[in-house]
Structures are given as structure tokens and as C-alpha cells.
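For what it's worth, the numbering used here labels the leading residue of the sequence shown as 1312, then goes sequentially.
Careful, some of the hints might be misleading.
[Stated by the list, open to error] Across the chosen pairs, the derived CB separations fall in these ranges:
(1) SER1478 to ARG1343: 42 to 50 Å
(2) ARG1345 to LYS1473: 24 to 32 Å
(3) SER1321 to ASN1465: 39 to 47 Å
(4) PRO1399 to LEU1424: 22 to 30 Å
(5) HIS1384 to THR1333: 14 to 22 Å
It should be emphasised that the hints constitute simulated quantities derived from the structure, not laboratory data.
Since the model is a prediction, treat every value here as computed from it, not as a measurement.
C-beta: ideal position from N, C-alpha, C; glycine also.
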Amino acid sequence: MEWKSSGIPSIKVGGRYVPLTTLWLKDKWGQRKRFRVRTLVNINQKKPFFLPSWSQLAKDEKGRVGALIVGAHHSGWLKVGSYKEVVPYLFVSLDALPKKVRKKLLIPLEYELIEEEDMILARERGSSFYLASKRSKFFHEPGCWQAKRIKEENKVIFKTKKEAIASGYTPHKICGG
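Working from the sequences, and respecting the hints, build out all of it.
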């Protein structure tokens, strides 16, 4: 996966944005609870207008992969639960995300899950690549569920998207290949 600078020191981002409305965070007593996460577009309004926030894969300087939660369209602040504080972004572990969001985020990444300080994070495995089947015209990201179903004898591996497209394959609709 290609990691880009996020504008936040020591955090790089990759993959696409996935809408997010819920996070599982620890409350002040240490219990995991569900919190709503919204983008606050205008702080000064009496009745604020909320949008879902965006999540994206993020990697810190130690190589640990989590999720960076930002305001939708980069135009707002995050409001977590009923707290009065608003923040510009959050870096959270993967276990704080709902299962559907976590699966969508991890599609373009070949990863292994690690547990560190009661948090579940991911670590990248090797370099990025794309998979295709000899019996299909589509190519996939390594984490795509369709790529995991390809039999070993039918696998075709490409190092870049350009290489896969030049060979006559097209990106898969779900994972974007």
C-alpha cells in the first residue's frame, strides 16, 4: 500500500475514506462503550448540523496500523458522544471500529493483527501487490474477499495496477483493485 503524509506529524495515511458514525471507546471507568462520532460543520450554530465522520487507514512511526478519524470533507471538527469538547482528528485502534468499517478499511492491505497494550492494531506484511485469476478478467487488492477465494494454481500476481491493466485485467468493483 502507498502511504501518504496526513498533515499530522508522524502519521501517514493510505487507502480510501469510509464513512463512520460509531466508535467503541473506553469511558472514564475503563468500560468499552459505544459513542456516536459526528462531523460538526459549524461550531457557532445554536443547532449544529452533523454529518458522519470519515475513517482512513493510518500508520504511525513504529509501523502500527490503526484508523485516523477526521471530519467529513475535511471541513469540520469531530464531536464524540455527548461530550462538549470537539477535536480535529482521532487516531484509534482497529478494535474501536465497527466490524463493517474495519473490513472495508483493511481491503487494500495485506496485514497481520497484533495486540499491544489492550489494543488491536495491524502490521503490514511485505510489499503491496495485486491478485488476479487466470479464469477471470478482474484483479483484486490482497485483502479482498474475492482474492482470498482464488485457488493457488489459478493465481496471477502483479506488482502494480498498471501492470495488471496492461495484461488485460480490470479493477474489481468492490475493492477497486
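C-beta pair HIS1384, THR1333: status relative to the range 14 to 22 Å that was hinted
holds (19 Å)
Quick check: does the Cβ-Cβ distance between SER1478 and ARG1343 fall within 42 to 50 Å?
Check passed, 46 Å falls within 42 to 50 Å.
Outcome for the supplied range 39 to 47 Å, where the beta carbon pair is SER1321 and ASN1465
Holds, since SER1321 and ASN1465 (Cβ atoms, about 41 Å apart) stay within the stated range.
Given the hint of 24 to 32 Å, check if ARG1345 and LYS1473 actually sit that far apart at their C-beta atoms.
violated (42 Å)
Do the beta carbons of PRO1399 and LEU1424 sit within 22 to 30 Å of each other?
holds (28 Å)
Hint check: a violation occurs at hint 2 only; the rest are consistent with the structure.
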